[in-house]
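**Student:** So the protein sequences, as listed, match chains A and B.
Going letter by letter, the first sequence gives residues 1444 to 1645 in our numbering.
Going letter by letter, the second sequence gives residues 58 to 238 in our numbering.
A few of these clues could be false.
To be verified - Distance ranges between label pairs, derived from CB positions:
1. ALA1572(A) to GLY144(B): 22 to 32 Å
2. ARG183(B) to GLY1460(A): 49 to 59 Å
3. GLU1589(A) to ASP198(B): 50 to 60 Å
4. ASP218(B) to GLY1592(A): 40 to 50 Å
5. PRO1509(A) to ALA211(B): 27 to 37 Å
6. PRO63(B) to PRO1624(A): 49 to 59 Å
7. SER219(B) to GLY1492(A): 20 to 30 Å
8. ASP218(B) to THR1448(A): 49 to 59 Å
9. ILE1639(A) to ASP106(B): 18 to 28 Å
10. GLY144(B) to LEU1615(A): 28 to 38 Å
11. ASP101(B) to ALA1561(A): 39 to 49 Å
12. GLU104(B) to TYR1629(A): 32 to 42 Å
If you are wondering where the hints come from, they were derived from the structure by calculation, not from laboratory data.
Glycine included, C-beta positions come from ideal geometry on N, C-alpha and C.
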Amino acid sequence: MTTSTLTRQQIAGRLIGTDPDLLVVTGLGGTCWDASQAGDRDLTYYLWGGMGLAASTGLGLALSRPDRRVLVLTGDGEMLMGLGSLATVARIAPGNLAIVVVDNELYGETGGQSSHTAGSCDLAGIARAAGIPDSRIVSDAAGLEELAGAVGELGAAVRGPLFAVARVPGQLSGPPAELPPRDGTYLKHRFREALIGPHALR
Amino acid sequence: MTAPVPLPVSAPVTWPDALYDTLKRVGIDQVGHVPDAGHARLIDRCEHDPGIAVTGLTSEEEGVGLAAGAWLGGQRAALLMQSSGLGNCINAIASLAEAGQFPLLMIITMRGEWGEFNPWQVPLGRATRDVLVAVDCRVLDVHRPDDVADTTLAAARLAFDSSQRVAVLLTQRLIGTKAFR
Chain A
1444 MTTSTLTRQQ IAGRLIGTDP DLLVVTGLGG TCWDASQAGD RDLTYYLWGG MGLAASTGLG
1504 LALSRPDRRV LVLTGDGEML MGLGSLATVA RIAPGNLAIV VVDNELYGET GGQSSHTAGS
1564 CDLAGIARAA GIPDSRIVSD AAGLEELAGA VGELGAAVRG PLFAVARVPG QLSGPPAELP
1624 PRDGTYLKHR FREALIGPHA LR
Chain B
58 MTAPVPLPVS APVTWPDALY DTLKRVGIDQ VGHVPDAGHA RLIDRCEHDP GIAVTGLTSE
118 EEGVGLAAGA WLGGQRAALL MQSSGLGNCI NAIASLAEAG QFPLLMIITM RGEWGEFNPW
178 QVPLGRATRD VLVAVDCRVL DVHRPDDVAD TTLAAARLAF DSSQRVAVLL TQRLIGTKAF
238 R
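Excised from the complex, chain A in its bound form:
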């Protein structure tokens, strides 16, 4: 595997920070911190738990709003716990869904133990074999630009689902000085109000 010149901050910043309309579901831990550092926003639902469920949550969201683009930004450990959901996403094939795995090849929140992707496990290959033809590996700024462009045209010029592994071997992401909101009920309400309008809470 070639080296990567990407940083975690670059990935979240490019994919989320410049796209206010994008509906975002994050994984827990690193990608939660990454997404919040790219700018806390109402239309990001941070998972602080529910490991393995980011992709399936993104699927339910994508199906409910085919008129909107949905990004799941998660980590390699989180994705590994929900591998079956890749087969489910492929089977349903929502055109408006992208799943991007920020792959640091380790479990950052638990002491940096190496994950399966540090060895022979190829998540993009798994996604492709599950039935997601557009499964990429991104390791430099040019690839990130292409990916951001594809996410920007999801559902229109680009038919999803789209899967990408953004490689950041060994890069850890600690909690930001200002943590993102961690009350799941609050996050739910603010997401729904921003997306659906005030009647979402009535």
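Starting from the known structure of chain A, fit chain B onto it as the hints suggest.
**Tutor:** Relative to the frame of chain A, chain B by itself:
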């Protein structure tokens, strides 16, 4: 091993249609399921309904994520599973659905409780209720076909109007014991 004694055959089954009608009445937009014989007719009805997006899951826990995502987007989902599938969902129910106070409507066909012939189905069938209660789910039983619609309606209101995790247990006496021969 001696073949199991067949249980009496019941009248033609219509409760899955009552269940389908109730899901429509409460505005279900999405259904997630892992196939189950007891849910076969309901799954078929949903798959033939262009107004319901049906997602076949590899594991029941995906359905908890699916339902949360649907709710974030403004839709209502129902999750169909067998009691043995509940065991696959526990962390999802507790650490996603409960933590975010998401509505969750689960329609669970019971195994292992009434004339079960497969001992491998008994342990989780026996634990289903306790496990649901332990992760703060409301549990509503249905023993008779005539109660399917009302109970499902009540469960859906509890889930979507009061933001609860609710399981409707379709008891094995209602659905009939699986006969392999």
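**Student:** Kindly indicate which numbered hints from before are broken by the structure, ordering the numbers from low to high.
**Tutor:** none
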